[in-house]
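Could you build all of it, start to finish, from the sequences and the hints given here?
Quick note, the sequences are listed as chains F and P, same order. Quick note: the first sequence uses the working numbering, first residue 1187, plus one each step. Quick note: the second sequence uses the working numbering, first residue 76, plus one each step.
The hints are simulated quantities; they were obtained by calculation from the structure and are not laboratory data. Be aware that a few hints might be false.
Footprint (simulated), chain P over chain F, 3 or more residues, beta carbon under 8 Å [unchecked claim]: (1) 1345-1351; (2) 1356-1365.
So, partial list: chain F residues that the calculated Cβ filter (under 10 Å) puts toward chain P [what the hints assert, rightly or not]: (3) 1292; (4) 1300; (5) 1430.
Every residue, glycine too, gets a C-beta built ideally from N, C-alpha and C.
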Amino acid sequence: MSTSQTDPPNTGKSGIPTWVKILVPVIATGGLAVTGVLVAITVFVVTAWFGLPLPVFGFDEPPEQPIAFPHTVHAGTDVLLDVNGVARVGGDGQELHGLGLDCTFCHRTVTTSAQAGVPAVQLCSFCHRVVGAESNVQFEQLRGAGLEPFVGAINWQRVHRLPDSVRFVHDPHIRFLTDNPGVIGNADSSITGLSSAQPAQVCSTCHGSIATMEKVKQVEPLKMGQCVNCHRDNEAPVDCSTCHF
Amino acid sequence: MVTQQDSPYNWGMVVDVDRCTGCQACVIACQAENNVPLNTENLYKEQRTYSWIRVERYWEGEFPDVKARFIPIMCQHCGNAPCEPVCPVFATYHNNEGLNVQVYNRCVGTRYCAIGCPYNVRFFNYWEPVWPEALRNQLNPDVTIRSRGIMEKCSFCIQRIRRAERVARRDDRLVADGEIQTACTQACPTNALTFGNLKDPDSKVSRMSKDRRAYKLLDEKIGTDPNVIYLARVEEKAEAVHG
Chain F
1187 MSTSQTDPPN
1197 TGKSGIPTWV
1207 KILVPVIATG
1217 GLAVTGVLVA
1227 ITVFVVTAWF
1237 GLPLPVFGFD
1247 EPPEQPIAFP
1257 HTVHAGTDVL
1267 LDVNGVARVG
1277 GDGQELHGLG
1287 LDCTFCHRTV
1297 TTSAQAGVPA
1307 VQLCSFCHRV
1317 VGAESNVQFE
1327 QLRGAGLEPF
1337 VGAINWQRVH
1347 RLPDSVRFVH
1357 DPHIRFLTDN
1367 PGVIGNADSS
1377 ITGLSSAQPA
1387 QVCSTCHGSI
1397 ATMEKVKQVE
1407 PLKMGQCVNC
1417 HRDNEAPVDC
1427 STCHF
Chain P
76 MVTQQDSPYN
86 WGMVVDVDRC
96 TGCQACVIAC
106 QAENNVPLNT
116 ENLYKEQRTY
126 SWIRVERYWE
136 GEFPDVKARF
146 IPIMCQHCGN
156 APCEPVCPVF
166 ATYHNNEGLN
176 VQVYNRCVGT
186 RYCAIGCPYN
196 VRFFNYWEPV
206 WPEALRNQLN
216 PDVTIRSRGI
226 MEKCSFCIQR
236 IRRAERVARR
246 DDRLVADGEI
256 QTACTQACPT
266 NALTFGNLKD
276 PDSKVSRMSK
286 DRRAYKLLDE
296 KIGTDPNVIY
306 LARVEEKAEA
316 VHG
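Structure below.
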């Protein structure tokens, strides 16, 4: 290898300076690395979003229940009762309305424990041993599920479900909201006239007006923001380990 | 920022080493209570087994005059915890009740805390935990199942603490001494473990922690200020018998 003094600086075969040759791949790999990081972040954000999405596009359709249990008939008073299209009429000739049962009649443990609980078939049979003896698809189903001879259980599908890493307890909330009706955000006028207005309104804070729902569906986001905002406003604990453990 | 309200509680534990027989009942109780994955043979070979509380065994003396010594070790819930400042996402922090809290869903699995911990009581889930079909119904519904990639450790059975506190608040009183039993204190046949409120000067743990035998693991050396207090072994005066 001989280089004469008159030659220009060593530019290699293609005439590109060496430092350019070194820099280009360095920049290229650097760029690739940055792109890689950006892609990774995007993927992370997108998967996180679809893992626990905010309900900006509305809530998921409620799951199919084994029996189409109507809260309107049992907890509301607005609906008129009918059997196979024929209106039910009371002894005095008046049309019969929904029963307006107290939420705690069926969700018995809601005031005393973490879970609200869904009633056992036995509770349904209090009434449905008598009510609905007529041939009705729903009641056939109910009986098929073990109403007679009062064994077995109905596999209700969960509608409201927080992620496994969150612990929610009903009883302190019910107690607090019962004592502080002012905090209840969306009190529903259709239930205020009832004797059972208190619990139904309390529940409406997080579940909406269930008594007017043919099929239970989620209407509140029940995201961490909602929980923590209310906690902060009402001097409830906001320590992470209140809800996460 | 999360504001820290003042709390009437500072949970702590006293471990009477003199009473520990090394029976491992606490280990099993903890495993059942806190959904700690089973330590299978395979995991053992991979050196990926763990338990939130472990009983360290060491020998004293020379054969044949040798004695087995036991010391149960769980998260010390340090007041000045080395694991907390190293977490880049604040998944572990100290709460106002003296607990070193691990927020599982916040954790991203850097494992810095495990490196920071001088007691070796933080464990990483290298695998998705699996339980045999027969054991699925014994899982505790009050405790999150930690998935793969998450750090976990002794929580002082926070689910039991929360429950007792809730009941106490409902009844408008403070949690009474002895009302909360962690799984390990409940299972211990010799009452070597005692759990309670260190802020209450009359509680059993407070009184025990003033014992002459009291010491804290590594506290003098590195100043971690643990909420777990150990009571030293009582040496038999009969040194001469086997000396």
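Now the hints, each set against the structure:
1. 1345-1351: holds (count 3)
2. 1356-1365: holds (count 3)
3. 1292: violated (21 Å)
4. 1300: holds (8 Å)
5. 1430: holds (5 Å)
Comparing the model with each numbered hint stated earlier shows that hint 3 is the single one that does not hold.
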